[in-house]
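The whole structure should be built from the sequences, with the hints applied where relevant.
These protein sequence lines are chains A and B, in that order. So the first sequence is residues 4 to 227, counted in our numbering. So the second sequence is residues 1180 to 1594, counted in our numbering.
Worth double-checking, as some hints may not be accurate.
Only pairs whose alpha carbons sit at most 30 Å apart, straight line, appear in this in silico DSBU-like list of lysine-lysine [as the list claims (entries may be wrong)]:
id, chain 1, residue 1, chain 2, residue 2
1, B, 1361, A, 59
2, B, 1483, A, 64
3, B, 1390, A, 64
It should be emphasised that the hints constitute simulated quantities derived from the structure, not laboratory data. Model, not experiment: these values are computed from the prediction.
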Amino acid sequence: MKREIPLIITFIAGTVFVVAYFVPHSPFNRAESLFNDWFAILAAFAIWLGALNLLKICALKVSRRSKDWYLGFVIIVGFFVTVAVGAYDGVVGLSNVPATAFRDPGTNFDWIYRNVYTPLSATMFAMLAFFVASASYRAFRARNFQATLLLLAGFLVMLGRVPVGDLITGFLPPAYQMSQWATWIMDFPQTAGQRAIMIGIALGIISTSLRVILGIERSRLEGE
Amino acid sequence: MYPLRSAALIVVLLVLTGLPLAAQSDIPIDSAVVDSATVDSVAPFPPLPPTNLEAVDVANDAGGALSLSWTLSPDDASLVTKYLILRSSGDGAPFAIIGETTQSQNNFTDNNAGENKDFYYRVVAHGEGDVDTLKLTSQANTSAVVGPTHSTAQWFHWGRLNVLIGLIAVCAAILAYINVAKSGKELYIRKIAGIEAVEDAIGRATEMGRKIFYIPGIMDMDDMQTIASIPILGRVAEIAARNETFLDVPVSRSLVMVTAREAVRDGYARAGRPDAFNEDQVHYLTDDQFGYAAAIDGMVVREKPATIFYMGAFFAESLILAETGNAAGAIQIAGTAMPSQLPFFVTACDYTLIGEELFAASAYLSREPKLLGSLKGQDFGKGLALLAIVLGIILELLDQAYDLGIGFLRILSIE
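Have a look at this one:
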């Protein structure tokens, strides 16, 4: 039964979703939002599993003085400080008139969010610019025919996207200037390639879904 | 004298009253023949009403919506500022304004029509000076009433009939090939370099005595790419367990952690090493996108893994992760169905499973006949898509050249 029940649930849920795509009538039209609500409830409870697992691993690291144990200590302190500050703001906010929530502007929790969380996230995102530069440098080396084509296409698209592209090709009629080359590359070879990938993905999703719904692909289930 | 005085008085009266009389006689009754500039500057005449008002049930929906369309007022370009939509439930109930459209727009959808409820509609052409709109609804700028009409829910979305036919054909092909595979017939599956390299990549980690990282993306278990990633993780865990190489699986979702643990435990059991499995090797980091990327980057830089797998749904963090792994000298195999992230993985990783290859990987690694059969069915679907594209182009060109008016692209398009 440990395997059969998940298989039955998967089959019913998967079939209902497929039917709901073709049948707009009630109750099928509400199936998607209903299942999404259930998933959100499950995920909300499951978040504690994750949080407790994180704390457990960090606590073990600190207690055993494993390598880089201080990073675990920072995580534990950060976790409890954030939770405590949020709880304090929430309780204090109840006595305000009108009542305020812990995430409202001006709270201590909001201060942590704006001055710790946001800058850290922004820093990680900003690093992307440097990674794009180093990756582009490697990708645009003309090692073979395909890489040379990529280099050429990238060069034309980048130049075509800035005014200097049309300036360089200013002697040509407007329909043949660099920006038009870039548009052509993006509209035709690029779009055709993307669509080919998208068709493959759609078929892959159909195939995987069918395997999961019919119970052919069971490796997500315990005890196989 | 009296007749003279009377005649003079009459002349004076005629002169005095003649101007307004003449002016009144010049004002046209029908506003259609009035110069619009004169009307705007003098007085607000109501525009002519819209005509041919129609109210029909919206097709292929769950009910509750009625679509209205009308012919624009002849004064649309000059006097009309907007159209007011009025609705009544009949039985003497008054008309109430339920919405409005801008000038020159001749359609409106009433999304609050309920199911199987009769309604009557009329549309008012609203002019510049029409301040009291409710009063004006009873005047000449209002269309004829249409109704009763009602909305019903449909049992089949006819706009998706082509999808259903395609889906049935692909599913039938997949099931047929699965049956062929089950009967023992050998099926040819083309080699996929990225999947072929999985075993070598794990072997490299074994030789170097370093760990393997498996990153299942940042989406939850409701994403198809994450679902496709879990069986691959199971196969990777099996090979890693056989090679006695440590597999580290940091995840960003609690439900993924629970599911991934089962897959890894299962992989270790298949390899005959269930005792080597430690559930903390599949561990949660954070739900936050960049927090997750930062944590993995930190671990990669500190622990220098020999091999990293990225299999699942990735967004902006893809290049941050893959470039850090590249700098750490790890052999990297990625697989995702996010077209915008594929170029980053192709650039920074040694092998990349592009789109459909991610979904094929689990079957390919397991070599189970039933799963391989489904891959052949997938290939049949690709052939079908190719045929539809080629036929669609030819038929659409013929349609346009000979003006057949069939619209093949409309038949093939998905609503």
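Right, here's what the structure says about each hint:
no.: 1; hint: B:1361 - A:59; in the structure: violated (46 Å)
no.: 2; hint: B:1483 - A:64; in the structure: holds (19 Å)
no.: 3; hint: B:1390 - A:64; in the structure: holds (18 Å)
Against the hints set out earlier in the document, a violation occurs for number 1 only.
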